[in-house]
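Peer 1: In the order they appear, the protein sequences are chains P and X.
Sequential numbering from 1 applies to the first sequence in our numbering.
Sequential numbering from 1 applies to the second sequence in our numbering.
Keep in mind that a hint or two might mislead.
Under 7 Å between C-beta atoms, here's a sample of chain X residues computed to sit facing chain P [stated by the list, open to error]: (1) SER868; (2) GLN874; (3) ALA878; (4) ASN880; (5) VAL928; (6) SER939; (7) LEU950; (8) LYS953.
A few chain X positions that, by computed beta-carbon distances, are all more than 10 Å from chain P [unchecked claim]: (9) LYS55; (10) GLN82; (11) ASP157; (12) LYS510; (13) THR532; (14) THR622; (15) ALA685; (16) GLU690; (17) PRO727; (18) VAL728; (19) GLN736; (20) ASN815; (21) LYS1008.
Quick list of in silico lysine to any residue cross-link-like pairs, SDA-like style, CA-CA up to 25 Å [stated by the list, open to error]: (22) LYS325/P x ILE86/X; (23) LYS947/X x SER259/P; (24) LYS947/X x THR374/P.
If you're looking for bench data, these hints aren't it; they were derived computationally from the structure.
In this text, a Cβ means the ideal position worked out from N, Cα and C, and glycines have one as well.
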Amino acid sequence: MIRAINRVNTLGFPLLLFFSLLLSTGLQAQDDPAAAAGKKLFNANCAACHKLNKKAVGPALRGVTDKYEKEWLYSWIKNSSAMIKAGDPQAVAVWEEYNRTAMNSFPQLSNEDIDNILAYTNYVPPAPVAAVAAPQAVGSSSGSVADEFILAALALVFAILVIMLFLVQKTLLRIAAASGVDIAPEARPQRTPIWKAFVQNQFVVFCTVVFLLLSSAYFAYGYLMQVGVDQGYAPIQPIHYSHKIHAGANQIECKYCHSSARVSKHSGIPSLNVCMNCHKNIAEYNGEEDLENGYTKDFYTNEIKKLYAAVGWDEETQSYTGESKPVKWVRIHNLPDFVYFNHAQHVQVGQIECQKCHGPVEEMEIMYQHSTLTMGWCINCHRETNVQVESNEYYAKIHEELSKKYGVEKLTVAQMGGLECGKCHY
Amino acid sequence: MASEKKYWKNIEQLDTENVSLQSLEQREFAEKLPVNETATETEDASATSRRDFLKLAGFSTAAATLAACEGPVIKSVPYVVQPEQIRPGVANYYATAIADGFDFASVLIKTREGRPIKVESNKDAAVLGSANARVHASVLSMYDTQRLQGPKANGTDVSWDDFTLQVRAQLEALAASGKRVVLITQTLPSPTTQNIIQEFQAKYSNVEHLIYDAVPASAALQAFENTYGQRALPDYDLSQAKAIVAVGADFLGDWQGGGYEAGYAQSRIPKKHHGKAQMSWHMQVESNMSLSGANADKRIPSTPAEQRNFLAALYNKLAGNSSTTNLDDKLSAAVAAAAKQLQSSGANGVVLCGLEDVAAQEVTLAINALLGSSLIDVASPRYIRQAKSTEIAAFLTDLKAGKIAGVITSGINPLYTLADAADAAKAMERLELSVAFSSKLDETASIANYVAATPHYLEAWGDYEFKAGQFALAQPTIKPLFDTRQLQDVLLDLTGSETSYYDAIQSYWKANILNGASWNQTLHDGYFSAPTAADGALKTIEVSAQLAALSKTSEGMSLVLYTKTGMGDGQQGNNPWLQEFPDPITRVSWDNYLTVSRADAQRLGLINENTSNGALNGSYATVQVGDAQLTAPVIIQPGQAVGTVGLALGYGERLGLKPEMQVGVNAYPLFQNFDPVQEVQVSLASGTHEFACVQLHNTLMGRGDIVKETTLEVFSTKDKSYWNAVPVVSKNHMEQEVTSSEVDMWQEFDRSIGHHFNLSIDLNACTGCGACVIACHAENNVPVVGKTEIRKSRDMHWLRIDRYYSSETTFEGDNQTKDNIAGLGDSLTTFGEMELASENPQVAFQPVMCQHCNHAPCETVCPVAASSHGRQGQNHMAYNRCVGTRYCANNCPYKVRRFNWFLYNKNDEFDFHMNNDLGRMVLNPDVVVRSRGVMEKCSMCIQMTQKTILDAKLEGRQIKDGEFQTACSNACDAGAMTFGDINDKESRVAALTEDDRMYHLLEHVGTKPNVMYQVKVRNTEA
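Working from the sequences, and respecting the hints, build out all of it.
Peer 2: If you want it as structure tokens, here you go:
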């Protein structure tokens, strides 16, 4: 798995390039200042409910100016409910179509602002100019090509040198033969074969046997100790959920989804309604792609559809069907039943980063078990980690007394009694 | 080229006719191999050969090895929409109430991930906020595989729509023809339900409502009605009691609905006022040894007839009447003592009566009125028993005469609990309509035309008025597990109403009860108090006729039927926790039995004996009451009044129970006319019964340092060193207290920093009720092992309540007897005699769990360090480390360690709740379920103390006293168990460590336990 990650990293560079190309189309939009200002306003005010090309909570906005009068749109955006109340036929029709959900009023928008937004909704980006991008790509990748060329040249020189040396020796031998110098190989004295000498030397045999026994014991122990240790366990999940996209690219805080880690022993797998907080609006994937692994935009969008199927979300009507089927995730981090572990104590009280145990989750395309989760691993951390006593009233008395007893300023978990059997096993 | 040559070894081979030789050639061996010698003839053909066995063994070993190479794939399924209140891993508590017709209590339900896992007392509730052992166990009854999973019509499963359609059609037909239909329910003190039933009766005018209790308190109700004009039961506040005289009333048990132990225990803890200690004085006049009798200062074993006379004599004595009594000297003295104590206690004295006799009950009320007792509350009485025996008798007569066309039963099983159930069953089968609202296919449901599957109380709504002005609300704590509906919802449906019971409760409460208070707050609290105007006007107090009625004497033996602490009226017969719960008095589980006094047993030739492995066996006796006869095993019960025998109701049910749970004999056929006292003939029957008794030694043998006790007089006058001396040992010819560090083998570990947990058990307050035992089961996933394992002393109870009898009349007498032993011969005979309990012994209860010794003998002998000590005082047990040597159990002086001889979960040999998915839902997810070969014991509920600490850390605050609890201390409504942190100098438990009464069990061993006991003080005045 880690290898796979590395591969992703090596691919990162060309991918970045590719995206920089895509972004260039975004830059183009700024050529039209009205559309650029409109985009900003759209994202701030409208994007929660509207999309350009697709129905969301409200209708798709592309081409909205074709459907309605500008004056109508001004008054609608500034106070839609008043229009519905007044009985404007168009307004009532929209209201009825969208499940009688009234649109928020935006009295703060000026007519100019609205013009800008409408300009943005009508803005069609010009086709990307490939010619502009091409030299950029060549230019930026020339560095690596030069390196490779130099390396190849050096290798060639090296090979020529080896061949030359071989030829020189051959020539010298030939010259010697021609001048009558007999370069006969030295006659070696008859020696006992090394294996016989080995067998005859009992001390060496003894040492070897001891060495072999010890080393086999070492490896056998090593093998046995990894039984039941599932480090690197990366099962295939029913929905390809990428922590890399969520926690990495989008910087979503771990405890936004795993909220019970704050209060409970379980970190909790988020329920699907948590997913829908965002995915009600994010119906398709528009981020980076990893073509080598088949992680295309369509692939990711398809995974979002799986979420919709599970939670029972109908994209057409933008409503829940009520038919849900819970997702059966495969649990990755499994502690045995006889261990008590509490997330809240580590995350909230101990203020430990999630990554300390779970590894670089924000880089994991596929989630895997980062740590060994063995008892030795727990104990080591308890020996090394200081208790977060600051500003926690609970520790006030015990910290004062214990730090006096041990003569230390900072207390480790072990000194607080964190190595006792019964603290985790009951 | 084919050769025609034939080789031969033997001339016989050439003889083609020789069949026997040919058949021999076919076989590998001339004679059959003796592989199947042990197999029987019939199995012979199919029996596995040795080779097959080896093949199979090899294959299965290889398969198991291969299968073990890969770990299981564990699925994790989150909610689609997570309910706001549910956070995985965090427990939610809901206040609700149980009212099953026998037990009534306001309780808190602990739920985890939406499933109820534990019942706790609702300590804030004004009345009946204490859960007894049965209520604690009731959560397991919800996860009962025997429960009905949907309604049935004539034996086939139907939908609820069809069910109500059919029943409505039948009811309407019966209403049209004017035939009588009787709706029989258990006692339902539910204002809304009464309303619903009235509306139901308005629609079907032919329906009558009858209340039926399996074990009614009809006489007490009648007496109260005659005296105070209201059909209810007086309530008692025993917390201020100075003198309690109970006549046949097991008020610490199930008498009139119970719930009195908390107040009683308060009055029992001796308090020093100006150097003089005070506690209540308790006399118990009874036939069977009950919990109340075991706790009494003075117990008078007597026949029911003597008890009546005692009451009459007591009234006359208190009223100053001169009357002749036919009491013997012993009882006359008791009357004098009781009268003296009651008179000196004034308003703080009370007489309690449990006789099912209106005259006796009226005289009792008269005595309490005479005393001017402030402990009896007649103004706001209890409504938790309502059945009227005469009405039920009349109904049964009509039923048998065919005058009734339809019967609807709810929450009751009369065809099991009626004395003449067989006749009633025949009559019920003839009915045009019979509907049974039941949670299992019991005797009544199995012959009913329609069976309505009802939810468990934890899945249902409910509202109750336990006591005048004291209300309780019940709410569901889980979505119904099965397709069940409760009586009220079905009645509303049949009435044609569109509302649900929930809506009905809410609207009724808002209109009539809450008086503007918040519904949500009331539902959250689970109780509501609306004190009513005092109305305890005395109607009549003339009792001369009643006194005359009491003076009858009886000949022959009396049978006194009672209910056991574990089983009650038998509703929860399929609950393995309760079946395995040892009776507090006899310490016998999985059985009911005839309790007989030693004198009667000798006369009748009944014996108890211990087998070679210690297990208890007993004779069978034939018990004859009128025409009813049954055979029951016999327990010789110290303290049983001569001339009486006792037998518990609630056992011997056969339908709706797993085969393992169908234990005991059904005593209801002897419960004729709902009178628990019956004339009886007892005779020896053949056979020997095998009991599962967890305590095989009954007496203390003069070892007064185990249950230390003293008298109130000594306690208030003498120094602690006289009555609670710390044992001393000699060092350098100097006497040193054993607790001194001078004589210690071990170095003391510094526990002054952080928490240091101690548990104090007050032997004065402990009534032996056993609520803590069941609470411990529920909290710690203690397995049920079954009767045969209990017989082998393999019970898994982490917490046991030892019960000791004195072999002299007092424990003090035992101590003297032991001290006076001189010489070997004397010691042998005297100790032999001391093994026998006295005819009327003193009784002591002592809860014993792991003592969490600071110098623990178990820890030093563990070869793998599975048992180790924590700084917080708890003795840790790492199950995953234990290899099962059992050295620790051998070295434990308290014998509190329990070994898992078998795998008790997912094992068909132990087909109890841990063997099915439903039953396992009750398991506490914070405590590991132990496997075979592992030692286990009380952890001092480390999961609870850790939870408290972790919560305080999360909230960043100090921990207040009272926050630390164990399951047992939390369940102890009597306040006998106090748990806390002794490093918190302000805590109650820290004060108790300094108490004069404090001692440690087996202190001379020097184990320095973290569990302490408080010396039992007996009020032996008069």
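Peer 1: Find the hints from earlier in the document that the structure breaks and name them by number, from lowest to highest.
Peer 2: Violated hint (a single one): 10; every other hint is consistent with the structure.
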